[in-house]
Amino acid sequence: MEKINRLDKETFLSVAKILKLDEKNSHLEELYTYVEKLFPNFKVAEGIDLKEIEPMLTLILPKE
Amino acid sequence: MDSKGLCYFSVGELSRLIRKKEVSPVEVVKAHLARIEALEPALNSFITLLPEQALEEASKAERQIEAGQYRGPLHGIPIGLKDLFYVKGVRNTSGSKIFDHFIPDHDSTIALKLKDAGAILLGKLNLHQFAYGPTGENPDYGNMHNPWDTKRIPGGSSGGSASATASGQCTLAMGTDTGGSIRIPSALCGLVGLKPTYGRLSRYGMTVLSWSQDHPGPMTRTVEDCALVMNAVAGYDPRDPSSSNRSIPDFAQSLTENIKGLRVGVPKEPFEDPVDSEVEHFVRNAIELLGKLGATIHEISWPLYHESKAIATTILMAEATAYHSPLMKRQGSCLDPKVRLRLEAGLLISAVDYLQAQRARRLFYQQSCDLFNKVELLAGPTVPITACNIGTEEVQIGNTRMGVIPLLTQHTRPYNLNGFPAITVPCGFSKNGLPVGFQLAGKPFDEAMVLRAAFAYEQATEWHQRRPLISK
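From first to last, the protein sequence lines stand for chains A and B. Every letter in the first sequence is one number past the one before it in this note's numbering, and letter 47, counting from 1, is 47. Every letter in the second sequence is one number past the one before it in this note's numbering, and letter 333, counting from 1, is 333.
Just chain B, same shape as in the assembly (with noise of 0.2 Å):
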């Protein structure tokens, strides 16, 4: 079997072929250390490589499906892991040197449950440093680099798993959301990635950033994958005091179930903030492709849509602030200067504004849910340029200059403020060849219908099966 072509299986495929025992799980891992030690030295996913432990795993997982002891999709498949979810044993740097030579002494229940289902750990993947910024951009541990063009960035904060999963060092890899890191790194580098519910998945055993805002959640090249991915680590944790007890369904089971007559929204709001002209041409077209599969469209408005970004920002920087605040005191100029910025800026918001905050997002979030009388899934751009080179402060897009930070942010935020799970598609790729992806995004536990949304779209469109042609 030709070793690149086992770096680009998708989990489906790949657990078919285990399964069957027509691929071992050691040829799978070997193949992907060699394609991780032939492309790290170009994108810099990784912090720590495991390929002792991985080739280990992967005996033990060989062993057990030939005994008849077969786990599930996930048995035997390579995975990485965004370097702030604790790994008993493993170091866990959280993207900042000051924690280099921190262990922990206990697993992270999404680790955990990847470990259950018999994933196989590679590694942990960089980060922006303790998952504080949108850029994959990390001055302790390197610059993360976009595999569809190595000199532009791959999005963050999630931006090794991402450059990972989209090169084929690893099947699939588990990141983080607080303000679109799952989701910008995803549609930068042409990945599916979920912000799934909050309180779906466990925050136990993750380094914070936002208590209110993190969300984990899994980086894959497909939608099946993604749903995959979830039947092994959505669930009630009671060590996590947001997680939800609410069933789980089988995320998998009703991807295939046409969308014909689904009604879903278009809010006009995010086309109103600046929007690169390429980004929008190949949103439109996939809010098109969905009705042609028979869908119905409809523009909405969505109150508090352009506030919602302020009122997301103050309630994640105080919250950062606040966990971090000891660190600051202590080892301030050890942090990534701009990283340290923003965490002092939330030293100037007041316990009054973040109160007010708060309210603005109760009255948000009944506004959001009052959407969902009248459809059952909102769709608009994940990203609104594709991605920018390394090192990039400011972005033109028309008349309009703005940061990088707001303008990666803006059509994320709104969904960790309201904490309603939302995925980005592949859409399309612009004239320099870099990915655009489109967002979907369901009332709050219908993880399933946005699956099955981008699931039907995705299976209508061959976005998904380009390849990156990496530089190195």
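So here's chain A without its partners, still in its complex pose (with noise of 0.2 Å):
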């Protein structure tokens, strides 16, 4: 599967869409600039070698 690094716009407005998000296109406009500068962020961790690794999530089972 290819390397997604960016967010293009109209992915991110159907995306706002979908997310009922501030259709006020100014109020968008800012969102996107923002989004898009952190985007390659959320992607870091394809870059990483992961094999065998599990995520950090805590199961916590009552305690006695």
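A couple of the hints might just be wrong.
In the BS3-like style, the derived pairs of lysine-lysine whose C-alpha atoms are separated by at most 27 Å in a straight line are [unchecked claim]: (1) Lys51(A) / Lys374(B); (2) Lys151(B) / Lys338(B); (3) Lys443(B) / Lys431(B); (4) Lys329(B) / Lys20(A); (5) Lys51(A) / Lys338(B); (6) Lys43(A) / Lys20(A); (7) Lys374(B) / Lys43(A).
With the Cβ distance kept under 7 Å, some of the chain B side facing chain A (calculated, not the full set) [said to hold, decoys possible]: (8) Leu341; (9) Leu347; (10) Ala351.
The hints are simulated quantities; they were obtained by calculation from the structure and are not laboratory data. Glycine residues also receive a C-beta, built at the ideal position from the N, C-alpha and C atoms.
Could you use the hints to bring the two separately framed chains together as a complex?
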């Protein structure tokens, strides 16, 4: 699968619509600019060899 | 007793005077209330002040101490709590006017433990809204101001906790640290700030930002004070699912052990990030001094350090958005616009991205643990700059221009990701008279080691004795 490191505007607007985000254009424009800068951060883990590594999620079983 | 002097005594010094009945808690609280009144117009440290309650508690403390019921070093000591620690019957805003009238019906564990220790709550301290920012700017309750230069940020999100403690408005404060929010304002305001190991202090009764990265912790003017607070607040809490039941040492007892032979690792990666040259100078001097005090200094490499910040950000943003999602839907327009942007951006993080980040987190945690096979401590900068002006969006360091948020958090986030204990200690003042901090970190649950090294450094220097001249 192709590595996605960029969030294009069309995809962003489709997702924003599904999420029912504020549709006022200026706000979405600001959000897109902000998210576009951040987006590569969300994908950083894709560049790391995580073979055999499980997520660090905690299952808390009741203590006695 | 000089009232300004009372406001700058450490817990250690004040408690000795209170215990010997040379000063009464009422006198101490009155002095602090006067100082708050004098400085609040300039600093805006507090959201809610509790003068009547504080004086009542001080009278009660006085009677208890007279009757021989001394509870310990925090008995009669005036404190502040970041306004996201629930205190029963006292409004808890989390820095947002949406919660201007919210009054919790129960105490946070931190508030309860401090109350049991006899500490006296002066008020709830201002913060970056929902703890979601590292500058200490707040459009709802007003920006906080750095006591060393009131045109500048105190840092955040525990900005009020820092400005109040650094200016003598309270003897100590509690903050929370999710991406650096204790250590950043502590460094920028010349304080000691400890982010304990994740799970060492209870998160019960705190407004959440990121379940897996929130850490409550003390902000004090001395390392000894930090240790004394830890003795009062650390410990297992069944109401916090992440709470550790590891045994708790006496954090103050081992402070004075020397650090001869301690191996201090200095990862090279933090210095590959942009760091102001004055800050680097003071941090490297601090590390050198640890060497002169008997520690051995080792340059090391920290795998995944540079990636850790993005990994931490991904997890934080997803968790913050998940927690605040109902609020965003109902009252998004009432949020600080910058906080709203961050919360909405979190919606764009997929479940797969979050899980991949948590896998990378486990690998980073394992590799961080491996570092401690070779050293007992890690040392480096806390914040790469001194405090910038309020309203600054970007900062130039050398040839690099960076946003203030990633810059302020670049050295602190890795320890939120791995949960290891990390402390900031004052290590110098810039040409502009602004504090610089350096960071020491230890392996999980080894706060005693971290405090010991910090104490050794502090006692060999005088930075912690300086006081701000506060312009009104």
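Consistency of the hints with the structure:
1. Lys51(A) / Lys374(B): Roughly 26 Å between the alpha carbons, so the hint for lysine 51(A) and lysine 374(B) holds.
2. Lys151(B) / Lys338(B): holds (21 Å)
3. Lys443(B) / Lys431(B): violated (34 Å)
4. Lys329(B) / Lys20(A): Holds - the C-alpha atoms of lysine 20(A) and lysine 329(B) are around 9 Å apart, at most 27 Å.
5. Lys51(A) / Lys338(B): Violated, at about 37 Å.
6. Lys43(A) / Lys20(A): holds (24 Å)
7. Lys374(B) / Lys43(A): violated (31 Å)
8. Leu341: holds (5 Å)
9. Leu347: holds (5 Å)
10. Ala351: Alanine 351(B) check fails; min Cβ-Cβ to chain A is 11 Å, beyond 7 Å.
Checked against the numbered hints given earlier, this structure breaks hints 3, 5, 7, 10; the rest are met.
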